[in-house]
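Just so you know, the sequences run in chain order A and B.
With our numbering applied, the first sequence corresponds to residues 1 to 625, in that order.
With our numbering applied, the second sequence corresponds to residues 1 to 172, in that order.
Do not rely on the hints blindly, as some may be mistaken.
Straight-line alpha carbon distances no greater than 27 Å define the calculated DSSO-like cross-link-like pairs of lysine-lysine that follow [what the hints assert, rightly or not]: (1) Lys-534/A x Lys-593/A; (2) Lys-511/A x Lys-109/B; (3) Lys-101/B x Lys-513/A; (4) Lys-109/B x Lys-380/A.
If you anchor each label on the Cβ, the simulated ranges turn out as follows [what the hints assert, rightly or not]: (5) Tyr-151/A x Arg-2/B: 51 to 61 Å; (6) Lys-161/B x Leu-52/A: 26 to 36 Å; (7) Asn-35/B x Asp-588/A: 29 to 39 Å; (8) Ser-55/B x Ser-324/A: 53 to 63 Å; (9) Tyr-151/A x Asn-132/B: 46 to 56 Å; (10) Lys-380/A x Gly-37/B: 32 to 42 Å; (11) Gly-384/A x Arg-2/B: 14 to 24 Å; (12) Ala-60/B x Asn-529/A: 50 to 60 Å; (13) Thr-377/A x Ala-60/B: 22 to 32 Å; (14) Val-498/A x Lys-104/B: 21 to 31 Å; (15) Gly-384/A x Lys-104/B: 46 to 56 Å; (16) Gly-384/A x Asn-132/B: 30 to 40 Å.
Which chain B residues stay away from chain A? Per the calculated CB distances, all over 12 Å, these [as the list claims (entries may be wrong)]: (17) Ile-18; (18) Ser-72; (19) Arg-78; (20) Asn-92; (21) Leu-93; (22) Ser-112; (23) Asp-145; (24) Glu-147.
These are computed hints drawn from the structure, not numbers from a lab.
Backbone N, C-alpha and C define an ideal beta-carbon position, used for all residues, glycine too.
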Amino acid sequence: MLGSFGIAVTTISLLLSLSLLYLSYYDLKLSSNRVSKKIYKFSFLQILLTFLSFITLIMAYVISDFSLINVYENSHTTKPLFYKISGTWGNHEGSLLLWINILVLFSFLFLILDENKNKNFRLYTLIFQNILISTFLIFLLTNSNPFSLLYPVPTEGMGLNPILQDPALAIHPPLLYVGFVGSSIYFSIALAALITKVDSKSLATTIKPWVSVSWSFQTLGILVGSIWAYYELGWGGFWFWDPVENSSLMPWFLMTALLHSVLVLERRIGLYSWVIILSILTFTMSVVGTFLVRSGILNSVHTFANDPSRGLFILSFLALMVFSSIYIFFKYAPNENKNYKIFSKESFILLNNWFMIFFLAVVLIGTLYPVFLDTLTGQKISVGPPYYNFILAPFLLPLLFLMTSGPKHKWISPEIIGIFNIALFIAVSLFIIIFISIKESSILLLLILLFSTYLITQTIFDFFEKFKNKNINLSRIISHFGFGMLIFSISLNQIFSVEESFNARVGDERKFKNYTIKFSNLETFTKKNFKSAKGYFEIINNKNSTSQNLTPEIRVYNKPETITYEASINTRLFSDSYLTMSNISSTDVFNIKFQKKPFMNFIWFSVLLISLGGILQFTRFRKKI
Amino acid sequence: MRKKYLVLLYSIAIFIFIVLYLSLGKNKVYTTQENIGKKLAEVELNYFDKDGEFSTKELAKFKFTLLNFWASWCGPCRKEHKHLVELSKNSNLKIIGVNFKDEKKNALKFLSDMGDPFFILTKDPEGKKSINFGIYGIPETILIDNELKILKKYVGPINNKDVREINRIVNK
Chain A
1 MLGSFGIAVT TISLLLSLSL LYLSYYDLKL SSNRVSKKIY KFSFLQILLT FLSFITLIMA
61 YVISDFSLIN VYENSHTTKP LFYKISGTWG NHEGSLLLWI NILVLFSFLF LILDENKNKN
121 FRLYTLIFQN ILISTFLIFL LTNSNPFSLL YPVPTEGMGL NPILQDPALA IHPPLLYVGF
181 VGSSIYFSIA LAALITKVDS KSLATTIKPW VSVSWSFQTL GILVGSIWAY YELGWGGFWF
241 WDPVENSSLM PWFLMTALLH SVLVLERRIG LYSWVIILSI LTFTMSVVGT FLVRSGILNS
301 VHTFANDPSR GLFILSFLAL MVFSSIYIFF KYAPNENKNY KIFSKESFIL LNNWFMIFFL
361 AVVLIGTLYP VFLDTLTGQK ISVGPPYYNF ILAPFLLPLL FLMTSGPKHK WISPEIIGIF
421 NIALFIAVSL FIIIFISIKE SSILLLLILL FSTYLITQTI FDFFEKFKNK NINLSRIISH
481 FGFGMLIFSI SLNQIFSVEE SFNARVGDER KFKNYTIKFS NLETFTKKNF KSAKGYFEII
541 NNKNSTSQNL TPEIRVYNKP ETITYEASIN TRLFSDSYLT MSNISSTDVF NIKFQKKPFM
601 NFIWFSVLLI SLGGILQFTR FRKKI
Chain B
1 MRKKYLVLLY SIAIFIFIVL YLSLGKNKVY TTQENIGKKL AEVELNYFDK DGEFSTKELA
61 KFKFTLLNFW ASWCGPCRKE HKHLVELSKN SNLKIIGVNF KDEKKNALKF LSDMGDPFFI
121 LTKDPEGKKS INFGIYGIPE TILIDNELKI LKKYVGPINN KDVREINRIV NK
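Just chain A, same shape as in the assembly (with noise of 0.2 Å):
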């Protein structure tokens, strides 16, 4: 019953997109000043009846309708409404219908809120994001539909992997998806400005709000995904550089460049070609991201099933989104003069656009080059932590020093700034109790604590300005804050990182360092929907003769029959223990790892305060406007 009804208003949505575009198109050669009426009805029927589908979707996994494939594939009875709700999202099929709602939703807010950009520049951006609407929702109906119906009804099903039954989790792909779908809008705009001649001005302010918001959505997604991969795969680790995390980090660095050339755009013509092919490549490199996670070229922790139709599919659109948005580039894209003075915020940001293009080079190439040697020579390779961290490392020095001094300098003017001030030699003198109190030998390392210091306090000097001279952008303050902050605690985790590993039956006890691990009990039970064997340990710290308790499990789940290891985490303000255990299969052996992992809480606080700076651009946007 659901299935029937998800297709017939999946189907009914599919027509309103097609409609949109007939009138859009229709209503460019219209002589008014205005948007036809029409068309905002339309594009209202649109987004209720895309909400619709998705919301028959998630009704049919809450009453556990197994007459729908997807839901018979990704659902139990037993499992909690929670994760019900959230398996929604959790699967191919599910996902790409929230993609294609998230692609309607920026639709229509473009169309209600830009209400007063030019008026052919509001239908050739509909027109085009109704492209990737109908092209998304054929997908979604002729290959992955997720009302596919299946006959007999099954009367229970497969059940949600495990390990995507986590709160994080549940909210990880919606905040992604808002971040890299929501791209598509600048996509969308960009070619629409290059065709009507839209100025620069009005392309940054039109286009700058939405860069925000999807950049702290993007950033949001990509620090709920690192936290659950610390909390739930029980590696000890917050970024693996696995190619489905570089595929969200990918637009991300896009973005980042992008939202910083926006506010020389507003100030200057120069940069319109720049602003509108970072724009096209941003949501290029989420689609492809998107390629390369549902394609099944690679091997990661985000498994989708592999299926070669799917990827041709995103491959042949991607591959039409890239030759006619080149096409559409080449044919109307202006001549510019570009003229910048060297020590100007200009230049400044320019460079910030530099390095964030390396790192995205840096990035895709080490993502890329495996798939590309397989195909081309058969040679099997991974590239792993090493590559990315020897390549990206030194350079953060740079940026960092930029992200301290370049804000300082003016707009246009190549005025040179004094870099030696109060908060560089508060930075060093901080930094030279640090280093006494350390004893790191990895130059790198201490030059990159060094320059987040300087950040961190010169940001802090800048928050205490604003109060007295209002025109300092305090977004920019809290997220330059928090990226000094992160790389500074990513540096004091590295340095302070205890990890140790051993096989231990139950009563062994384990000296190391400063610390003893006593495997005290284990205990097993059953509980509905999964066995589990606990451990009880007690860890001692030798130094200051504490201790805490911890007590990892290995989880057998019975739908699907999966086995997870799930780590006891005791997390303080400044350091967390980390334990995990898994079983020598039939001995009574088993493998402990016990990591000391400091500064976690001030990573994710550090990437919250990053995300934060764009929600606070975004809502001085909209005051402006």
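With chain A held as given, fit chain B onto it using these hints.
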């Protein structure tokens, strides 16, 4: 000028799309089973407790050789060890151990506790040389004949069934 860039960009894009297209549907699971039937790679391994190197070329003088990659820290290695000890009694077969990324002290204790089935023991402390044999985890075991041809490759601990299979092959 613009046209030149356009052609260049299109050519790059076409190349990328062709490669991505070809990569679709390829088997992504890393497996080394295709090495079976091929000749064993020629690798110089260090002896475990004396100076000098041992070349896999020298294995041609034995009728059959079993190369076993193990470490004291590896749980499944502990599990399969008794089978290796059992196999070492077969005179048609020589077992060569490659101690993988291990500490000497722990490895020696392991052997004194569980028995030493190895005719020759070598080491690969950095785990790099083992890659040449197509090893991507331990324990792994490779059976070769006197022409250095790979007859069998076992990923993970060997069990009773594998022991029977190995004995059958080498006793022929």
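Okay, the hints, checked on the actual structure:
1. Pair hint Lys-534/A plus Lys-593/A holds up; C-alpha atoms about 15 Å apart against a cutoff of 27 Å.
2. Our distance criterion of 27 Å between C-alpha atoms is met by Lys-511/A and Lys-109/B, whose separation comes to about 19 Å.
3. Between Lys-101/B and Lys-513/A the alpha-carbon distance is near 22 Å, which keeps this suggested pair within the 27 Å criterion.
4. As the CA atoms of Lys-109/B and Lys-380/A are separated by approximately 36 Å, the hinted pair breaks the 27 Å bound.
5. For Tyr-151/A and Arg-2/B, the Cβ-Cβ distance of about 57 Å falls inside the hinted range of 51 to 61 Å, so the restraint holds.
6. Between Lys-161/B and Leu-52/A, the C-beta spacing of about 57 Å breaks the proposed range 26 to 36 Å.
7. For the hinted restraint 29 to 39 Å between Asn-35/B and Asp-588/A, the CB-CB distance of approximately 36 Å keeps it satisfied.
8. Roughly 59 Å separates the CB atoms of Ser-55/B and Ser-324/A, a value that falls within the hinted 53 to 63 Å.
9. At about 54 Å, the beta-carbon gap between Tyr-151/A and Asn-132/B stays in the expected band of 46 to 56 Å.
10. Between Lys-380/A and Gly-37/B the C-beta distance comes to about 19 Å, which lies outside the given range of 32 to 42 Å.
11. Range check, Gly-384/A to Arg-2/B: about 41 Å between beta-carbon atoms, so the 14 to 24 Å window is missed.
12. Between Ala-60/B and Asn-529/A the C-beta distance comes to about 56 Å, which sits within the given range of 50 to 60 Å.
13. A C-beta distance of roughly 30 Å is found between Thr-377/A and Ala-60/B, which places it inside the suggested range of 22 to 32 Å.
14. Checking the proposed 21 to 31 Å range against Val-498/A and Lys-104/B shows it holds: the Cβ atoms sit about 24 Å from each other.
15. Distance hint check for Gly-384/A and Lys-104/B: the Cβ-Cβ separation is about 28 Å, which falls outside the suggested range of 46 to 56 Å.
16. Between Gly-384/A and Asn-132/B the C-beta distance comes to about 19 Å, which lies outside the given range of 30 to 40 Å.
17. For Ile-18/B, the requirement that its beta carbon stay farther than 12 Å from each beta carbon of chain A is not met, with the minimum near 9 Å.
18. Interface exclusion of Ser-72/B from chain A breaks down, the closest Cβ pair being 10 Å apart, not more than 12 Å.
19. With a cut of 12 Å on Cβ distances, Arg-78/B falls inside the contact zone with chain A, its closest approach being about 7 Å.
20. No Cβ of chain A approaches the Cβ of Asn-92/B within 12 Å, the least distance being about 29 Å, so the stated non-interface status holds.
21. At roughly 26 Å from the closest C-beta of chain A, the C-beta of Leu-93/B stays outside 12 Å, upholding its exclusion from the interface.
22. For Ser-112/B, the condition that its CB be more than 12 Å from all CB atoms of chain A holds, with the nearest at approximately 17 Å.
23. At the 12 Å boundary, the C-beta of Asp-145/B stays outside the reach of chain A, the nearest C-beta of that chain being 27 Å off.
24. With a cut of 12 Å on Cβ distances, Glu-147/B stays outside the contact zone with chain A, its closest approach being about 25 Å.
When each numbered hint is compared with the structure, violations occur for hints 4, 6, 10, 11, 15, 16, 17, 18, 19.
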